[in-house]
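Visitor: These protein sequence lines map, in sequence, to chains A and B. Numbering-wise, my numbering comes out as the position in the first sequence, counting from 1, plus 2. With the first letter of the second sequence counted as 1, position 246 gets the number 229 in my numbering; the numbers rise by one all the way through.
Hints in this document: simulated from the structure, not taken from any laboratory. Each residue gets a CB set at the ideal place from its N, CA and C atoms; glycine is no exception. Watch out, some of these pointers could steer you wrong.
Stated by the list, open to error - BS3-like, lysine-lysine: derived pairs with alpha carbons at most 25 angstroms apart:
| hint | chain 1 | residue 1 | chain 2 | residue 2 |
| --- | --- | --- | --- | --- |
| 1 | B | Lys279 | B | Lys347 |
| 2 | A | Lys418 | B | Lys353 |
| 3 | A | Lys420 | B | Lys183 |
| 4 | B | Lys279 | B | Lys353 |
| 5 | A | Lys420 | B | Lys347 |
Stated by the list, open to error - Computed list of chain A residues with no C-beta within reach of chain B, every gap over 12 angstroms:
| hint | residue |
| --- | --- |
| 6 | Leu64 |
| 7 | Tyr85 |
| 8 | Phe117 |
| 9 | Ser172 |
| 10 | Trp205 |
| 11 | Ile237 |
| 12 | Pro317 |
| 13 | Gly366 |
| 14 | Val375 |
| 15 | Lys420 |
| 16 | Asp439 |
| 17 | Leu446 |
| 18 | Asn451 |
| 19 | Phe458 |
Said to hold, decoys possible - Pair ranges (Cβ atoms, derived):
| hint | chain 1 | residue 1 | chain 2 | residue 2 | range |
| --- | --- | --- | --- | --- | --- |
| 20 | A | Tyr336 | B | Glu248 | 46 to 52 angstroms |
| 21 | A | Pro327 | B | Glu344 | 42 to 48 angstroms |
| 22 | A | Tyr421 | B | Asn284 | 55 to 61 angstroms |
| 23 | A | Glu270 | B | Val7 | 40 to 46 angstroms |
| 24 | B | Ala223 | A | Val341 | 54 to 60 angstroms |
| 25 | A | Glu419 | B | Arg287 | 40 to 46 angstroms |
| 26 | B | Arg352 | A | Leu252 | 47 to 53 angstroms |
| 27 | A | Asn451 | B | Phe386 | 51 to 57 angstroms |
| 28 | B | His93 | A | Ala351 | 48 to 54 angstroms |
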Amino acid sequence: MLGEVVTVQSVFMFVSEIRGACIKKGFGKMVRKEKKRLKDRFHIGRRGSTAKTGQPLRRYMLVLSVVSFAMFLRFYDQRVDPYNSTILAFSYQYGFVSRGLVGTVYQFVNKITPFNMISYQMVMRFTLVITLLFHLLLFYFFWVCLRRCKEQYLQNLEYVILFCALLTVSMFFSRRNFGRLDIYMLALSLVAALILMKERPGWITWLVIPISALGVMVHQGYVFMYLNVILVLLIYKALSAEGKRKRYYLLLAGASFVVASALFLWFELFSHGNGAVIYDEIVTMAGKLSYKGQYHDTLIAHEILGEDLTVQEWPMHLENFIETPIFLFLISPYIVLGVKLMRGIIAQAGTRVEKWKYRIVALGAVTMLPMFVLKVDYGRWFFAVIMYYAVILLVLTAMGDKIVETQLFGLMVRVKEKYSWSMLLLFYPVYFMPFWDVHICVLLKNISNPLNEAYFHIW
Amino acid sequence: MKEKKPWREDKNVTFLAALAVFAVAASIRFFSRELSMYNTTPFALTYKYGFISRGFMGTLWAFLDGVLPGDLMNYQSLYTFSFWATVLYLVLLFVLFSSCLRHCREENQHNMRYLICFLGIFAFQMFWSDELFGRLDIYLMILTTLGVILIVEEKCEWLVIPFSIICVMIHQGFVFVSANLMLVPLFYKILIYKGKKRRKYIVIFALMFLSVSVLFLYFELFSHSKGAEIFDEVVAAAKALSEDGQGYATTLLDHEILGRDVFEEEWQYHVFNYKEFPTALLLFFPYLVIGLSFFKKLISNKDRLHRFVYLVLFAGVATVLPEMLLKVDYGRYMFRIFYYYISMVMVFIAMGDTTVADQLEETKEGIKRKIPVPLVVLFYPMFLTPFFDVIISGAVHKLSVWFFG
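Start from the sequences, fold in the hints, and give me the full structure.
Guide: Spelled out as structure tokens, the structure:
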């Protein structure tokens, strides 16, 4: 029967039959044939009528690649901003400093390769390679989600994925965020999501703990920005399971949280002690890595010397307070649809535990609040919020969550049928890309700058 | 009698309202807030120096400066005027969209909305960049769009004649880049209608064609004779209108006032074009395939008359060719090509041509069969635009530099 969920019994019977066939008739071609027959009989390896890896999916990936290439041409600025090159000067040769992991890797690559990586040109090339690798990972993630999706929902999922590609290609190839540490953090969360997508836990699931640690070592903001993907998925799996498995996932969630929190506290409170001693060396290195020697002095002052930037950043906070309500107004259709979706999912949940499971999914982005309150890169924070929901929804549909599937794709179908302008929901976000940092995006900058010049005179 | 729906339930009204938000977003996104000296300089050309080419807008501006209170002969006033002209252009686009939606059959409205979105993607963002904000093209587009609306509505169509005359007086390039937008639908009506109506359209077509041709030849061949005498005065006026009070477009005045051939000066731009155009063809290749397939089936119509009509529709864009051979603004010409084809298909459907409507539906179904996410056909050009002037677009330029250096 199609759509049958794999049971322990069917797995046992499958293994027994395989073993028997192998003993009777030996290995090789016969075994492969038997395996296929039994897989089809017990519906192991696919969830009912899931999308096949045939021509349609490959064709979609080709279309996605072509469109992504066009996005790349549109948004690629061929420049690494001083902020993103300066960060590569931070490394663990100076101690266990915050944001030192990527710089350490970079300088390690410099040691082991015949190239001199300590130049802006090599920073450019390295960043380009990393960004391309990230997108390969992201496309693999999309591919896995597509393969696991039911055929009737495939086209709608393809549009969701197209939207995700727009977000990431525009974000990470454009100048402001080309080489930004966010790319490494998101990559780590995607790897964790791929691991957690598997139905049965194995040794590989333990990797979420070191992944969480690595994320914080890349940037302590990982705790707020992208760790939520891992924690929410673990809690989701815990609340979906019973007994031993439930405890297992809760343990993983707890361990990931504790490790990430401990590292966060270390980096925030204790890692600046050596700052004055290493300052000059880092400045020299940052100058070599940056375009025309223009490194980002504020970054070094904050991360190495531990200087407080509140006063300096106050005008930027005001910029945020002006841009944010305008931005929320402009994207209100998506907020309305998002809230509708989440309410629909929660309403359809049967038990109290299920309702809490989906409430946690819906509220998972709340971890971003401290970033919105304390820091000023609202472009990056909004990107992180949107990516959280996109990744979570993709993973849950890939995991076969029937409620999420029916609500998400049902909503998309209803919107398409009801609104004559529904196609604009795909086109409209293009004008908000790429997300920047302090200015949310160019469109918001083009609103807030004239307002500032005319009325506020803040920046 | 059709029951009038409340506006909220009218799909076309809500569609246009949402599209207006989209247009505003595009405008804000791409508005450079800068009027370049290439676009301020033409306003220094006026008919007080004789009946010179591109003198209409400068004459109008000088007239307004004379009748209105305050001094208009400065950058800020011109900037404000250009802003509202661009807004007017967008408003007229929406009037055209509304007209096309009202005139097409109910079963074609869905496809008409797709075409409108597709046209909007090119048209909304075109005239906000620093190269093109305030360009004379915007005034051509205003008058041309008005003319097309009148043709679709079949009201006061004779007005296309004075509109065309004014357009040539604004910029003689109108003959190549925009005249086809009115000439082709008029020609269609000549072939489709009979009797009195046909005669009416023959007269309008002939008068329009003759008047623009005569004026074009005059401006190209005879309007530069006094150039040397007036040059310094024109330069002084041009400087006064620029942002820094010093700059002016030298090649523009050399060509338009002194009648100098600027081909050599523009050679480096021609080189840009020779590198960028093949790159643009590569990036826009899917539309070449879709367009050729669409027209191939359309032109293979059984009826000889209709075959000829659709051949004219297909070939009507060829008027841009002289510009592409002799001049360098390939970004503007690419825009014209896309604008022509999309708007003309819209107009033909609005004029009741069922063959074009049916072929569009067939093409759409073919796209849906072959492409997994069919909306990507409308989505993809958003990354290859906006078009600029010499440089076709940012994306095309980047790729052409990687290919050709």
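Visitor: Decide, hint by hint, whether the structure agrees.
Guide: Hint check:
1. Annotation: proposed proximity of B:Lys279 to B:Lys347 holds, straight-line Cα distance about 15 angstroms (limit 25 angstroms).
2. With a C-alpha separation of about 21 angstroms, the suggested pairing of A:Lys418 with B:Lys353 holds against the 25 angstroms cut-off.
3. Restraint check: the Cα-Cα separation between A:Lys420 and B:Lys183 comes to about 44 angstroms, which exceeds 25 angstroms; the hinted pair is violated.
4. Annotation: proposed proximity of B:Lys279 to B:Lys353 holds, straight-line Cα distance about 18 angstroms (limit 25 angstroms).
5. Proposed proximity of A:Lys420 and B:Lys347 is supported: the alpha carbons are some 21 angstroms apart, at most 25 angstroms.
6. A beta-carbon of chain B is positioned within 12 angstroms of the beta-carbon of A:Leu64; the least distance is around 9 angstroms.
7. A:Tyr85, annotated as away from the interface, keeps every beta carbon of chain B farther than 12 angstroms; the closest lies near 23 angstroms.
8. At roughly 22 angstroms, the least C-beta separation between A:Phe117 and chain B is larger than 12 angstroms, which holds for a residue marked as non-interface.
9. With a closest Cβ-Cβ approach of about 9 angstroms to chain B, A:Ser172 is found to fall inside the 12 angstroms limit, against its non-interface label.
10. The Cβ of A:Trp205 sits about 37 angstroms from the closest Cβ of chain B, beyond the 12 angstroms cut-off, so the non-interface label holds.
11. Under the 12 angstroms C-beta cut-off, the non-interface status given to A:Ile237 relative to chain B holds; the minimum distance is some 33 angstroms.
12. With a cut of 12 angstroms on Cβ distances, A:Pro317 stays outside the contact zone with chain B, its closest approach being about 21 angstroms.
13. Every Cβ of chain B is farther than 12 angstroms from the Cβ of A:Gly366; the closest lies at roughly 28 angstroms, confirming the non-interface assignment.
14. Distance to chain B confirms A:Val375 as a non-interface residue, since its nearest Cβ pair spans about 28 angstroms, more than 12 angstroms.
15. Remark: the non-interface label on A:Lys420 conflicts with the geometry, its nearest Cβ contact in chain B lying 10 angstroms away (cut-off 12 angstroms).
16. Listed as outside the interface, A:Asp439 is consistent with that label: its C-beta sits roughly 18 angstroms from the nearest C-beta of chain B, beyond the 12 angstroms cut-off.
17. Residue-level check failed: A:Leu446 sits 9 angstroms from the nearest beta carbon of chain B, not beyond 12 angstroms.
18. Listed as outside the interface, A:Asn451 is inconsistent with that label: its C-beta sits roughly 9 angstroms from the nearest C-beta of chain B, within the 12 angstroms cut-off.
19. Even its closest Cβ contact with chain B, about 17 angstroms, leaves A:Phe458 beyond 12 angstroms, as expected for a residue assigned away from the interface.
20. For the pair A:Tyr336 and B:Glu248, the beta carbons lie near 50 angstroms from each other, so the given range of 46 to 52 angstroms is met.
21. Against the hinted window of 42 to 48 angstroms, the Cβ-Cβ separation of A:Pro327 and B:Glu344 comes to about 43 angstroms, which satisfies the hint.
22. Distance hint check for A:Tyr421 and B:Asn284: the Cβ-Cβ separation is about 36 angstroms, which falls outside the suggested range of 55 to 61 angstroms.
23. Against the hinted window of 40 to 46 angstroms, the Cβ-Cβ separation of A:Glu270 and B:Val7 comes to about 42 angstroms, which satisfies the hint.
24. For the hinted restraint 54 to 60 angstroms between B:Ala223 and A:Val341, the CB-CB distance of approximately 55 angstroms keeps it satisfied.
25. A hinted range of 40 to 46 angstroms for the beta carbons of A:Glu419 and B:Arg287 is consistent with their spacing of about 42 angstroms.
26. The beta-carbon spacing between B:Arg352 and A:Leu252, approximately 49 angstroms, falls within the hinted interval of 47 to 53 angstroms.
27. As the Cβ distance of A:Asn451 to B:Phe386 is approximately 36 angstroms, the hint placing it in 51 to 57 angstroms is violated.
28. At about 36 angstroms, the beta-carbon gap between B:His93 and A:Ala351 misses the expected band of 48 to 54 angstroms.
Hint check: violations occur at hints 3, 6, 9, 15, 17, 18, 22, 27, 28; the rest are consistent with the structure.
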